[in-house]
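Trainee: For reference, the chains in residue letters:
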Amino acid sequence: MSSVESPRREATPAHRGLRITGLQAGVVMALAAVVAGAFFMVRPPDAYGICMSCHTRDLVNWLANHNLGTNLTVAQVSLVFPLLTTIGVLIGASIGAVTSGEFRWRLPERPGKNFVHGVLVMNAALVAAGCSTRLALRTAAGDPLGITGFAAMAGGVVLATYWLRWRAQR
Amino acid sequence: MTVAAIASLVVGVIIGFAGQRSRMCFVGGIRDWILVRDTFLLKGLVAFLVVGWVAFPLSGLVGGQPIGDFGSPALITLALTAAGGFGVGYWSVLAEGCPFRQHVLAAQGSVGSIVYLGGFVTGSFLFHLLVAPLIVTYLP
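Going down the list, the sequences are from chains A and B.
Residue numbering for the first sequence follows numbering that gives the first Met the number 0, beginning at 0 and increasing consecutively.
Residue numbering for the second sequence follows numbering that gives the first Met the number 0, beginning at 0 and increasing consecutively.
Errors might be hidden in some of the hints.
Pairwise CB distance ranges, derived in the manner of DEER restraints [as the list claims (entries may be wrong)]:
1) A/W165 <-> B/S71: 18 to 26 Å
2) A/A167 <-> B/A82: 40 to 48 Å
3) B/V35 <-> A/N64: 43 to 51 Å
4) A/G100 <-> B/L60: 41 to 49 Å
5) B/A82 <-> A/T69: 40 to 48 Å
6) A/N64 <-> B/L74: 45 to 53 Å
7) B/G59 <-> A/R15: 20 to 28 Å
8) A/R15 <-> B/T38: 37 to 45 Å
9) A/G154 <-> B/G62: 19 to 27 Å
Worth flagging that the hints you see were computed from the coordinates, not collected in a lab.
Every residue gets a Cβ at the ideal spot worked out from N, C-alpha and C, and that includes glycine.
Build out the structure end to end from the sequences listed, making use of the hints.
Mentor: Laid out in structure tokens, this is it:
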């Protein structure tokens, strides 16, 4: 159980800063994603309001295309100027962390593992055309591919969790 | 198109703040429920799905651009999406958080998550320069 981040252990006494429950965050995120797509032209493709991997891809590929002369894929919406969702999340989360006094440098035990996980998750997400957030968003939009990807993601989560528990109890 | 860029930046700030204050994670809900029967994050995932499901058609009714018809996907696309989705879920649990959660953790000082984001960017280039051409070449 050592490598599993337990919610009880991580729970910090939020003396300062706004408290938001998981449920409230889910509501806010879904509304933000739908409104961005329906009213602020964050499309095409459809159901593209939030995607941490596709938007990262759009940003870095756009930068490479414009500075290194490459011709890498970007989503149609990011052709002229890339989406900045990932930058926004970093800013918003920094504001949340600093105002609540939760910002703290923490060093990883095995940074190589973190790096490999980043590479693997990004590649899997680009094959599925969506990170876990966008797969959920596409499921909500009724995309049969999104539902397939989300179901497979849930299966992967279940399998990995049982594997972690099995390894911890061995 | 700059409208979309500015909107996405604003959306990012809002969800980043909400995500930091709530520890929201899209794989953590299922994981925590299996491990300790904790529903804090699972409620967030379910709420995200339900609110999205209601808000998509509703946004079309109040003047927003409705989502198009998705049509029936090809079998190979279906298989690739399932394989990719499985990989996202499996490796995100091993990485202790979905991509969204990793961005939030990186912003609150977790060096491991900053390294993860380095892997994320590297993985994006790797995909477009190596993996995608391989998939296109060797799959029908």
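Trainee: Decide, hint by hint, whether the structure agrees.
Mentor: Here is how each hint holds up against the structure:
Checked against the hint of 18 to 26 Å, the C-beta distance between A/W165 and B/S71 comes to roughly 38 Å, which is inconsistent with it. At about 27 Å, the beta-carbon gap between A/A167 and B/A82 misses the expected band of 40 to 48 Å. Roughly 45 Å separates the CB atoms of B/V35 and A/N64, a value that falls within the hinted 43 to 51 Å. Separation of A/G100 from B/L60 is about 43 Å and conforms to the stated range, judged on CB atoms against 41 to 49 Å.
Range check, B/A82 to A/T69: about 27 Å between beta-carbon atoms, so the 40 to 48 Å window is missed. At roughly 32 Å, the beta carbons of A/N64 and B/L74 sit outside the given window of 45 to 53 Å. In this structure the supplied range 20 to 28 Å is violated for B/G59 paired with A/R15, their Cβ-Cβ distance being about 41 Å. Roughly 26 Å separates the CB atoms of A/R15 and B/T38, a value that falls outside the hinted 37 to 45 Å.
Taken as a hint, the range 19 to 27 Å is violated for the pair A/G154 and B/G62, whose Cβ atoms sit roughly 38 Å apart.
In this structure, the earlier hints numbered 1, 2, 5, 6, 7, 8, 9 are contradicted, and the remaining ones agree with it.
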